[in-house]
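Visitor: Listed here are the chains, written in short residue letters.
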Amino acid sequence: MQFLPLFVAVPLLVAFVIPLLARWNKWMPDILGNLATLYLLVAATGLYFIRPFNNIMIYKMGGWVPPFGINLVLDGLSHLLLLTVCLIAFMATFYSIAYMRKYTGKGKYYVLFLLMLAGMNGVVLTGDLFNLYVFLEIAAVASYALVAFGTEAEELEASFKYLVMGALASAFILLGIGIIYGMTGTLNMADAARLLANVGTAGKMFVSAFFIMGFGLKAALVPFHAWLPDAHPSAPAPISAMLSGVLIKALGVYAIVRIFYNVIGVTPQLSYILMVLGAASMLVGVLLAIGQWDFKRLLAYHSISQIGYVILGLGLGTPLGIMGGLFHLFNHALFKSLLFLNAGAVEYTVGTRQLEEMGGLSKKMPVTSATSLAASMSIAGIPPFNGFWSKLFIILACIQAGRLWFALAAIIGSLLTLASFLKVQK
Amino acid sequence: MVYFLCFLLFLIGLYCIVTKKNLLKIIIGLVIVEYAVNLFLVLLGYKTGGHAPIINLAAPDWIYVDPLPQALVLTSIVIGLAVLALVVAIAMRIYERYGTFDITQIRKLRG
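Chains H and A, in that order, are what the protein sequence lines are. Going by the numbering used here, 169 is the number at position 169 of the first sequence; the sequence numbering is gapless. Positions in the second sequence are counted from 1; adding 426 to them yields the numbering used here.
Source of the hints: derived by calculation from the structure; they are not laboratory data. There's no promise every hint is true.
As the list claims (entries may be wrong) - When the alpha-carbon atoms are kept at most 30 Å apart in a straight line, the in silico DSBU-like pairs for lysine-lysine are as follows:
hint, chain 1, residue 1, chain 2, residue 2
1, H, 204, A, 473
2, H, 423, H, 102
3, H, 204, H, 108
4, A, 447, H, 161
5, H, 161, A, 446
6, H, 102, H, 161
7, H, 161, H, 26
8, H, 161, A, 451
9, H, 161, H, 106
10, H, 363, H, 102
11, H, 423, H, 363
Start from the sequences, fold in the hints, and give me the full structure.
Guide: Quick look at the structure:
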């Protein structure tokens with residue numbers, strides 16, 4: 001139990017120490033950043049041996065009892081997200097050692113990276129609504145700065161757009177949290193869920209609207225997706241991998257699941273809204289992706305589409321659907337970050353992200369081309385790869401729940417994904 | 427009634443963000459939205475005739491305002507300050523690159 005706060009405290013501490021030691025040795029930021037993320041990955045994996053199966057670990061900050069103090073909660077869902085975040089973070093920092101040589105200010109990069117990591121770990125662990133908001137803002141503010149890290153004209157423009165949208169989303173979320181506090185007089189999630197059971201549906205619907213707006217913006221669901229295709233490609237490659245791979249999931253999808261399933265409670269209408277948003281993101285994302293010739297931009301549009309699958313699966317609310325959604329969430333984190341890291345490697349070698357100007361890369365970069373092939377197969381849902389199984393679960397869950405139109409939409413989305421990745425493989 | 431006015435303030439900020447073309451005006455809209463939310467949180471804890479939430483043993487029948495929202499607002503103001511500093515810094519760099527604050531002319535990214 002005592003080690004739950006370390007998932008937030010270690011990256012914060014290392015982020016603080018890096019600027020102090022960076023003057024002393026120029027390799028210090030690399031070493032410290034990688035050690036911190038390696039430690040977090042080992043710890044997140046190790047927790048599987050400590051946390052008994054189907055059990056919940058709770059850490060009470062400062063020893064205060066839950067309704068009054070802040071607590072950190074680790075259950076199966078948070079553990080899955082925690083492991084995903086730490087895994088992708090370690091891969092991204094390892095990749096950064098070589099990739100970030102072309103930028104100045106490596107120390108600052110690692111500081112922002114670790115702050116973002118601390119925020120995401122905090123979001124998935126916390127059991128308190130306002131604490132969720134604070135961690136969400138830590139992660140979001142660090143990511144705004146990271147998108148603008150290159151300080152080129154396009155990056156600044158993308159970052160400004162992302163920042164305005166993100167800050168607005170945060171305002172909606174805080175308003176929603178304020179309304180929940182007004183209705184229940186508590187900020188603890190478990191306590192609020194208990195007290196909200198006695199509140200009328202009108203209040204809950206009102207608050208749900210704010211949360212769907214706020215977290216929908218963070219997760220880049222379709223009517224709120226405009227910032228993502230600008231922000232994700234503009235960041236340095238490891239950051240794109242983090243943003244697309246885990247940030248939209250930890251801040252958006254995880255928070256939607258936690259708030260709606262565990263605090264407010266899902267009604268059939270709400271579940272339907274989530275499914276429609278999911279299906280819309282799935283189709284619109286992939287249709288916009290087909291027309292793109294910028295490799296990273298194409299991947300960013302696919303992120304919208306794949307998040308749609310996750311939300312569709314989770315919105316179904318059946319055990320199979322939720323399992324498929326979470327499985328797809330993990331798979332998407334793996335293959336999308338792999339694709340973004342590959343895009344970074346190609347950009348590093350060739351100096352362009354335009355697909356027309358590439359070509360014949362499989363001879364020049366055999367390893368990168370093989371990993372890209374595996375990841376593309378996976379995202380398009382070709383049978384032996386992981387993406388196929390999770391999409392299959394989601395489609396089966398749709399059919400099982402009698403939602404045939406959504407199943408059809410998911411299949412069409414998958415075919416279109418395949419079509420757009422054929423272009424990448426050429 | 428007060429809550430309604432607070433919500434109106436939120437909508438004014440939102441309108442400002444959505445319709446204005448100048449980066450600085452968008453930032454001001456963002457700040458208005460933040461202040462509306464902070465005001466809402468403080469109002470939640472207010473009770474008519476309430477005193478500052480420090481227990482006064484000499485007057486046991488005092489009504490105290492709820493101290494928790496005040497703590498939340500303090501945190502939220504600090505976060506707002508960080509966001510504001512960052513957004514102003516980015517706007518300054520954008521001005522250096524483009525020479526304008528007008529978002530209709532800042533369009534290097536394709537939709």
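Visitor: Hinted pair, alpha-carbon criterion (30 Å max): residue 363 (chain H), residue 102 (chain H). Please report holds or violated.
Guide: Holds: residue 363 (chain H) and residue 102 (chain H) sit about 25 Å apart, inside 30 Å.
Visitor: Take the C-alpha atoms of residue 423 (chain H) and residue 363 (chain H), compute the straight-line distance between them, and say whether it is at most 30 Å.
Guide: holds, 17 Å
Visitor: Given the hinted pair residue 161 (chain H) and residue 451 (chain A), is their alpha-carbon gap at most 30 Å?
Guide: holds, 14 Å
Visitor: Holds or violated: residue 102 (chain H) with residue 161 (chain H), Cα cutoff 30 Å?
Guide: holds, 25 Å
Visitor: Is the Cα-Cα distance between residue 447 (chain A) and residue 161 (chain H) 30 Å or less?
Guide: holds, 13 Å
Visitor: Within 30 Å, alpha carbon to alpha carbon, are residue 204 (chain H) and residue 473 (chain A)?
Guide: The given pair, whose Cα atoms are some 24 Å apart, holds under the 30 Å limit.
Visitor: Given the hinted pair residue 204 (chain H) and residue 108 (chain H), is their Cα-Cα distance within 30 Å?
Guide: Violated, at roughly 42 Å.
Visitor: Is residue 161 (chain H) within 30 Å of residue 106 (chain H), Cα to Cα?
Guide: holds, 25 Å
Visitor: Is it true that the CA of residue 161 (chain H) sits at most 30 Å from the CA of residue 26 (chain H)?
Guide: violated, 33 Å
Visitor: Please work out if residue 161 (chain H) and residue 446 (chain A) have their alpha carbons no farther apart than 30 Å.
Guide: Holds - the C-alpha atoms of residue 446 (chain A) and residue 161 (chain H) are around 14 Å apart, at most 30 Å.
Visitor: Assess, step by step, whether the Cα of residue 423 (chain H) is no farther than 30 Å from the Cα of residue 102 (chain H), and give holds or violated.
Guide: holds, 29 Å
The structure shown violates the earlier hints numbered 3, 7.
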